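J.: Take these sequences, add in the hints, and give me the full structure.
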Amino acid sequence: MNTDYISHPDVMVEEVKNGWWAVRLNRPKSLHALDEQIVVALYSIFEYLHQNNNVKAIWFDSTTPKAFCAGGDVRKLRQLVINDEVEQAKQFFKHEYALDRLLHHYAKPVVVWGEGYVMGGGLGLFMAAPFRLVTPHSRLAMPEINIGLYPDVGATRFLADRGPIGLFIGLTGSIMTAAGAYGIGWATHICEQGRDVVLNRLSNIHWQDYPAGDFRAIDDTLNSLHRPLAAGPLQNSLDVIHSVCRGQDFVQDYQAICGLASARSDWLRQASENLTNGSPTTAGLTWLLWQWARQHRSWDDVFALEEDISAWKIQHADFIEGVRARLVDKDLQPDWQVKTVKNLQDLFGEHAPVSDKVDSWNALLRQYGVLQH
Numbered sequence: 001m002n003t004d005y006i007s008h009p010d011v012m013v014e015e016v017k018n019g020w021w022a023v024r025l026n027r028p029k030s031l032h033a034l035d036e037q038i039v040v041a042l043y044s045i046f047e048y049l050h051q052n053n054n055v056k057a058i059w060f061d062s063t064t065p066k067a068f069c070a071g072g073d074v075r076k077l078r079q080l081v082i083n084d085e086v087e088q089a090k091q092f093f094k095h096e097y098a099l100d101r102l103l104h105h106y107a108k109p110v111v112v113w114g115e116g117y118v119m120g121g122g123l124g125l126f127m128a129a130p131f132r133l134v135t136p137h138s139r140l141a142m143p144e145i146n147i148g149l150y151p152d153v154g155a156t157r158f159l160a161d162r163g164p165i166g167l168f169i170g171l172t173g174s175i176m177t178a179a180g181a182y183g184i185g186w187a188t189h190i191c192e193q194g195r196d197v198v199l200n201r202l203s204n205i206h207w208q209d210y211p212a213g214d215f216r217a218i219d220d221t222l223n224s225l226h227r228p229l230a231a232g233p234l235q236n237s238l239d240v241i242h243s244v245c246r247g248q249d250f251v252q253d254y255q256a257i258c259g260l261a262s263a264r265s266d267w268l269r270q271a272s273e274n275l276t277n278g279s280p281t282t283a284g285l286t287w288l289l290w291q292w293a294r295q296h297r298s299w300d301d302v303f304a305l306e307e308d309i310s311a312w313k314i315q316h317a318d319f320i321e322g323v324r325a326r327l328v329d330k331d332l333q334p335d336w337q338v339k340t341v342k343n344l345q346d347l348f349g350e351h352a353p354v355s356d357k358v359d360s361w362n363a364l365l366r367q368y369g370v371l372q373h
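In the UniProt record's numbering, the protein residues as written are 1 to 373.
Take these hints with a grain of salt, some might be off.
What the hints assert, rightly or not - Here are the computed lysine-lysine pairs in the DSS-like style, where the Cα-Cα straight-line distance is at most 25 Å:
{"hint": "1", "residue 1": "K76", "residue 2": "K90"}
{"hint": "2", "residue 1": "K76", "residue 2": "K94"}
{"hint": "3", "residue 1": "K357", "residue 2": "K90"}
{"hint": "4", "residue 1": "K56", "residue 2": "K108"}
Stated by the list, open to error - Here are the computed distance ranges between Cβ atoms for each label pair:
{"hint": "5", "residue 1": "R264", "residue 2": "V197", "range": "37 to 47 Å"}
{"hint": "6", "residue 1": "D4", "residue 2": "V328", "range": "15 to 25 Å"}
{"hint": "7", "residue 1": "R201", "residue 2": "L327", "range": "31 to 41 Å"}
{"hint": "8", "residue 1": "R201", "residue 2": "E87", "range": "41 to 51 Å"}
{"hint": "9", "residue 1": "E87", "residue 2": "K339", "range": "50 to 60 Å"}
The set of hints was computed from the structure by calculation and includes no laboratory data. Bear in mind that the values here come from a model prediction, so they are computed numbers and not experimental data. All C-beta atoms in this analysis are idealised placements derived from N, C-alpha and C, irrespective of residue type, glycine included.
T.: What follows is the structure in structure tokens.
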């Protein structure tokens, strides 16, 4: 096979048939976690497939049903920061967002098989594709509240696109089932049939029967395979979500969600627990980014801002501590830098997360009193 792209041992590329190519993440022990080398290889692969005239469509999945991708390799990022190799850690985000941006602007159809865990950086890849498939075993989330990071990889925008529901999901890191992901438009189709069955159907499309184009051909085929599921906990909680997430006052939203500790729903109680035990600074940053993205829609601006915010956040004490508590020592007892929520300003002190590239973000920080000048 011609490999005019950067290859990587944890990424498999193969020609299927009929113009279809498959890209597969193959790092099962870490649930296909992304590091700098993998995202650089993926960028090169997708760029090559985009330029190859023999490629009509791309199938993107992993080699195991347990996860499509559980996120970025944050343990490795934490260690880089501890080793004072911050510039290398920043490079990971630069390359990851370049990959996400490429996929958001991609002209050829990409179908992602989102089985198992689709979280963090994995959800960023998933949301960048026009065809986003889930199964009854899919679990989707942006759980950065638990590790003191923040929902990035384009979540700044795709959370804001979902209004109060997106804000709630970002603040709580709540896990969505296939039904919930489909209900808010994160997934485009629910497939109960296995991966090989779906891929086989797609790779046998008679392209010439679709004068409206390749995207229509794929959409029609997937529509015939789609099987709706009964409402999940997200749909059953919509009234509550809208009552606690007003998006007008951070402290009110924060306290209202934490107040769900006695809710009848297990899912809502877990959401409350995640926010109560999560990093208050992450919560404040997530809320502010949601506010900003309600007004600013450009993917280029989103990723430019996220690159600046991530460079700031990985050096924040809460990221080092959050990853330690959840993924290194696994004691689940993080000692956050700011422990209580009084107002937005106190969460950041004198070290506000300003941007060198996006002035409208700095204006928003001044609007909410986070930035004083």
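J.: Next step is simple, just say for each hint if it's right about the structure.
T.: Here's how the hints hold up against the structure:
1. K76 <-> K90: Within the cut-off at roughly 12 Å; holds.
2. K76 <-> K94: With Cα atoms ~16 Å apart, K76 and K94 stay inside 25 Å; holds.
3. K357 <-> K90: Answer holds: K357 to K90 is near 15 Å, not above 25 Å.
4. K56 <-> K108: Holds - the C-alpha atoms of K108 and K56 are around 7 Å apart, at most 25 Å.
5. R264 <-> V197: 37 to 47 Å: Holds - the Cβ-Cβ distance for R264 and V197, about 38 Å, lies within 37 to 47 Å.
6. D4 <-> V328: 15 to 25 Å: violated (39 Å)
7. R201 <-> L327: 31 to 41 Å: Because 38 Å falls inside the window, the suggested range holds.
8. R201 <-> E87: 41 to 51 Å: Since the Cβ atoms of R201 and E87 sit about 46 Å apart, the hinted range of 41 to 51 Å holds.
9. E87 <-> K339: 50 to 60 Å: violated (31 Å)
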